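Asker: Please model the entire structure based on the sequences and the hints provided.
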Amino acid sequence: MTTIRTSAETNKEERFKGVVETLGIFLVAVVLFVLFSLLTSRFSSQNNLFNIIKQVSIVAILSIGMSCVFLIGGMDLSMGSNMFLSAVLLASLLEMGANVYIAMLVCVIACVVTGTLNGIIIERLHINCVIVTLGSQLAIRGLALVLIERFNSWIYVKNPVTRYINTGKLAFGLPTLFFVIIVLYTVVGLLLYRTNFGKQIYAVGGNPRAAALCGFNNARIKTLCYTISGIAAALAGIIAACRLGMVNPSVGSGYEFDAVTAVVLGGMSLKGGEGSVFKTLIGALIVAMISNFMTLYGVDANFKDCATGLFILLAVLFNRFTQQHST
Amino acid sequence: MSIKAKKYVTTIIKYMDILTILLLSAVLVLFFINRNPKFLSTSNLTNIVQQNAALIIVSVGTTFVVISGNMDLSSGSLIVLTACMTGVVFRATGNIWLGMITCIGVAMLISTMNAALIAYGKINAVIITLSCMIWARGLALGITGSKSIPVPSTVLQRIYQPFWGSFFNITFILVVLCMGTGWFLLNRTKFGRYTKAIGENEITAQLAGVNTKLVKFGIFAFAGLLTGIASLVDLSRLGSAVAMIGYGMEMNAVVAVVIGGNKLSGGEGSFAKTLCGLLFMCLLSNGLATLNLMDSQVYLLKGMIILIALAIQRGSNLIRLRWLRVLNEKD
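Those protein sequence lines, which keep their order, are chains G and R.
Residues 1 to 327 (the working numbering) make up the first sequence, in order.
Residues 1 to 331 (the working numbering) make up the second sequence, in order.
Hints are computed from structural coordinates only; laboratory data are not their basis.
Quantities reported herein were computed from a predicted structural model and do not represent experimental measurements.
Be aware that one or more of the hints could be misleading.
[Stated by the list, open to error] Calculated lysine-lysine pairs in the PhoX-like style (CA-CA distance at most 20 Å, straight line):
| hint | chain 1 | residue 1 | chain 2 | residue 2 |
| --- | --- | --- | --- | --- |
| 1 | G | K304 | R | K147 |
| 2 | R | K14 | R | K196 |
| 3 | G | K271 | R | K14 |
[Claimed, not checked] The following residues of chain R were derived to be distant from chain G, with all beta-carbon distances above 10 Å:
| hint | residue |
| --- | --- |
| 4 | V49 |
| 5 | K213 |
| 6 | G303 |
[Said to hold, decoys possible] Selected chain R positions facing chain G (in silico; Cβ < 7 Å):
| hint | residue |
| --- | --- |
| 7 | G138 |
| 8 | V254 |
| 9 | L288 |
| 10 | M304 |
| 11 | I306 |
| 12 | L307 |
| 13 | I308 |
| 14 | I312 |
| 15 | L324 |
| 16 | R325 |
We treat Cβ as the ideally placed atom computed from N, Cα and C, and that holds for glycine.
Answerer: What follows is the structure, encoded as structure tokens:
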């Protein structure tokens, strides 16, 4: 948590610093956008911009969960698998003729369960988050693969609602997914900055001992963050299934790294307790723009992975040398 | 309680983490031997050691990293990258020695780069090695186009071919050598002492005059060197640089080290614990492979068993600490 403000002046100063930091990452986004537009003419076409919005939606929603987990000083590497589980559940339930809204609810509930289980194992048993989520990544992906193999590993998602989520335009000619992102980020922003729970997250992440002495139930708050990460993964999985129109075993693999990149680019530190979820959104936008640009430029998928990894490295270095704290 | 009985109880409690993992391994053996009577045959046990030679070598480095309170997620990807580089160099020049030098050299280069960023750049090891895990695998698959490169070299094959009986080959010697070096470094040198000190409390170690940055650098560089050796071992076993080489190695190594009872927060640990953890992981992966399951079921079972074993190990550790406290109070 930020230090106690003693006067209006320091308040102003801190705000100014915050604005500068936000502007830094925003400037990076703008520069990249201009650069990519100059390099490929198709990049800034209206069609492609809508495409980027759709692409960013998955990373942005995953990043919400990853931000909450980063804020408490953890990491959730099972998000990609959770996302895959949710997509498989949605597709298989639709295939079996379930109501689409009930199917989505089931997806969210399933991922709430897996996310909470992660949280309980990590926080109640005090086992390192990286190792637990690596293990559950394997288990959850296995579970979803067992499910999808009953449908010969390939399920088409055909439903008016899912098609609307992919191609629908809600207002002003903007895609529905654009509004979904805005609504979700507003909700999470209100949760983090306008409720007690949000303040508790920052407090627990910033100084767990102090928070415990203040009487916070650290384990419960941290577990809830992993639950939020599960919900975010479920929503991302639903959107991925809608966007692709089918689900196969490669859905969601590696997406947790995109989320990590977005969060790190947004300036959050692994120590927890610092950072803003809105900067994460800009980070997600950058990740999506780069991914989209590389697809347009015809870069091999493996080299795209390579670039993702190098980009995390660059983001960390960027953070390290522009901000006071170390990542 | 008589003094003798108390001595026994104290010893049992002291080694309870190792006993727990051995007990879990015994349960695994009982389960697998029920399904497959040949599970404990000499040939299968030999097979387990030979197949997991690379994992054992990597785990030596990971033990150091974990004891120093860090984490290394890059080993699996480094193995695939160095193996592919070796394949490419061998295909281009036909000289295996050049390939082997490339293998070790690239592993050392990348790991020292990571080590410098971690130690001197003061960046969290998890995020640095995570990024390395992603980009190294991507680069490896990119330069080979996801195709396997055969490395038909008699020199390289000799690492795997047994020269005495059916068991003794250079792989086995390398495994013993790496383990021995690791044990010596950890228990008989300043480097090992400093590693434990850093894991316990880095700032205190620094104040006590330890060059913590250099030691940290050394730990990650050592882990990188071992990864290079492991890559050669795996390459000679498989005979070609395939895309799946070293897949999940980093996770297996970290889990083996932790499941054996070494603390991930650092400060304490031993090679006995790592060996017991390795025994569990090797039995698990070999046993699951002999059950003729589908990939998906293997993932599910492996993930769940690992999580359960971690939880049991953690629980036993909590009980151990409580009993130790009780025993100390009675004194």
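Asker: Against each hint, give a clear statement of whether it holds in the structure.
Answerer: Hints, verified against the model:
no., hint, in the structure
1, G:K304 <-> R:K147, "holds, 17 Å"
2, R:K14 <-> R:K196, "holds, 19 Å"
3, G:K271 <-> R:K14, "violated, 33 Å"
4, V49, "holds, 24 Å"
5, K213, "holds, 13 Å"
6, G303, "violated, 3 Å"
7, G138, "holds, 3 Å"
8, V254, "holds, 6 Å"
9, L288, "violated, 11 Å"
10, M304, "holds, 5 Å"
11, I306, "holds, 4 Å"
12, L307, "holds, 5 Å"
13, I308, "violated, 9 Å"
14, I312, "violated, 10 Å"
15, L324, "violated, 17 Å"
16, R325, "violated, 17 Å"
Hint compliance for this structure: hints 3, 6, 9, 13, 14, 15, 16 are not met, and every other hint is.
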